[in-house]
Amino acid sequence: EAQVTQNPRYLITVTGKKLTVTCSQNMNHEYMSWYRQDPGLGLRQIYYSMNVEVTDKGDVPEGYKVSRKEKRNFPLILESPSPNQTSLYFCASKNRGETQYFGPGTRLLVL
Amino acid sequence: GENVEQHPSTLSVQEGDSAVIKCTYSDSASNYFPWYKQELGKRPQLIIDIRSNVGEKKDQRIAVTLNKTAKHFSLHITETQPEDSAVYFCAASRRASWGKLQFGAGTQVVVTP
Chain A
1 EAQVTQNPRY LITVTGKKLT VTCSQNMNHE YMSWYRQDPG LGLRQIYYSM
51 NVEVTDKGDV PEGYKVSRKE KRNFPLILES PSPNQTSLYF CASKNRGETQ
101 YFGPGTRLLV L
Chain B
1 GENVEQHPST LSVQEGDSAV IKCTYSDSAS NYFPWYKQEL GKRPQLIIDI
51 RSNVGEKKDQ RIAVTLNKTA KHFSLHITET QPEDSAVYFC AASRRASWGK
101 LQFGAGTQVV VTP
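Residue numbers (this note's numbering), protein chains in the order written: chain A, 1 to 111; chain B, 1 to 113.
This is chain B alone, in the form it adopts within the complex (with noise of 0.2 Å):
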């Protein structure tokens, strides 16, 4: 099945400063790979997500890239911002079982002012 390591468990970032969080997939047609943050004692949501056919995907402060040859994800925070602080989760999934998430195991975000 699908493994999903994430790099790194725990990021500390002056406010201000770039994040940068890599994820790698073992499963060659898993296809889709969302990103969800989690902010202390709340549920995971939503953040961006990029599908195998595109190699960046932008939003605002957020960026995420994929690499399909080398299997592996990144998510970019730019200009962080205190608001950034959560745990933030890359995931994947195959097309055949497309509603089956793989999630990495976290990074814990720290923005310090």
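Just chain A, with the same shape it has in the complex (with noise of 0.2 Å):
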């Protein structure tokens, strides 16, 4: 079944607490990207990739880190999460011309 996959999908921890959260598609898709949703401001991209060891900030890249090591997975890394990263975080993949698809989701609680 083809899929994104994210995990953890919830996830409470405390400020300065290094955490990774990881993503993984299985279509073999040369772009992922990492977005944040909070409410009233819709889906905001934190970082992309185009294929692999390519990556490159979206509109929101303060405070998060990423890698593309290998095509199917692109992890999100919070070196020293902020109360600020509290929010619904979203892994999504595609190729060119092809629909985006999106993961189930993280919802993050920084304390």
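Hint data in this document are derived by calculation from the structure and do not stem from the laboratory. Some hints could be false.
Dumping the calculated DSSO-like pairs for lysine-lysine here, alpha-carbon to alpha-carbon at most 30 Å [unchecked claim]:
hint : chain 1 : residue 1 : chain 2 : residue 2
1    : B       : K37       : A       : K71
2    : B       : K58       : A       : K71
3    : A       : K65       : B       : K37
4    : B       : K22       : B       : K57
5    : B       : K58       : B       : K37
6    : B       : K100      : A       : K65
7    : B       : K42       : A       : K18
8    : B       : K100      : B       : K58
9    : A       : K69       : B       : K42
10   : A       : K65       : B       : K42
11   : A       : K18       : B       : K100
12   : B       : K22       : B       : K68
13   : B       : K37       : B       : K22
14   : A       : K57       : A       : K71
15   : A       : K57       : B       : K42
Starting from two chains that each stand alone, build the complex the way the hints lay out.
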């Protein structure tokens, strides 16, 4: 089954404790992206990757890191999480000219 | 960069009536305009999209229109049903950066029986 998976789905952490949210797709998509969703602000792009070892900043990259060592995986890293990073996070993937598929979301609470 | 504005932020309609959501974009180079539906607690899912070489596209009760000159596009839902209640997002992207979608802030649609 073609899908985008994220883990964990829910996470409660404390300020400053490094965390990683994993994202994996099995559709051989070139493009992967991370978004955060906050009430009234829609979906804002954090980082995206056009292919392996190619990443670039989106609209709200501060406080986040990503890597793309393999085509199927695109982890999101928060080196020192802060309360303003409490949000709902979505990973997404697509190929040129095709539909973008979203993962199920990761709800993060930073205390 | 691209800026997408979406209106209204909330929309309440009676079952059976039509719903219209409008988006404007700033980048004249944008050429792909998808619409996503997000039900409560779920991920966004594509419901319809349109490219800049087409003025209108229809899929059953859903249609999208595009006015390139005015740089706006709209989602039309006819004969609304309770299951149409959700948040709808418009988005835009350019050919040169085909992966990067700029989203509107979303419209909460409530269909009342």
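Comparing the hints with the structure gives:
Distance hint between B:K37 and A:K71 is fulfilled; the C-alpha atoms sit about 27 Å from each other, no more than 30 Å. Only pairs whose Cα atoms come within 30 Å are accepted, and B:K58 paired with A:K71 is rejected, the gap being roughly 34 Å. Taken as a hint, the A:K65 and B:K37 pair is honoured in the structure, with Cα atoms around 28 Å apart against an allowance of 30 Å. Annotation: proposed proximity of B:K22 to B:K57 holds, straight-line Cα distance about 15 Å (limit 30 Å).
The straight-line distance between the Cα atoms of B:K58 and B:K37 is roughly 16 Å, inside the 30 Å bound, and the hint therefore holds. With a CA separation close to 18 Å, the supplied pair B:K100 and A:K65 stays within the 30 Å bound. Straight-line distance between C-alpha atoms of B:K42 and A:K18 comes to about 27 Å, which keeps the hinted pair within the 30 Å bound. Note on B:K100 and B:K58: the hinted pairing holds, with a Cα-Cα distance of about 24 Å set against a maximum of 30 Å.
In summary, the hint linking A:K69 to B:K42 is supported, as the alpha carbons are separated by about 28 Å, within the 30 Å threshold. Between A:K65 and B:K42 the alpha-carbon distance is near 25 Å, which keeps this suggested pair within the 30 Å criterion. A distance of roughly 27 Å separates the Cα atoms of A:K18 and B:K100; the hinted pair therefore holds under the 30 Å criterion. Between B:K22 and B:K68 the alpha-carbon distance is near 13 Å, which keeps this suggested pair within the 30 Å criterion.
Between the alpha carbons of B:K37 and B:K22 the distance comes to roughly 14 Å, so the proposed pair stays at or under 30 Å and holds. A hinted pair counts as satisfied when its Cα atoms are at most 30 Å apart, and A:K57 with A:K71 qualifies at roughly 18 Å. For the suggested pair A:K57 and B:K42, the alpha carbons sit about 26 Å apart, so the restraint of at most 30 Å is met.
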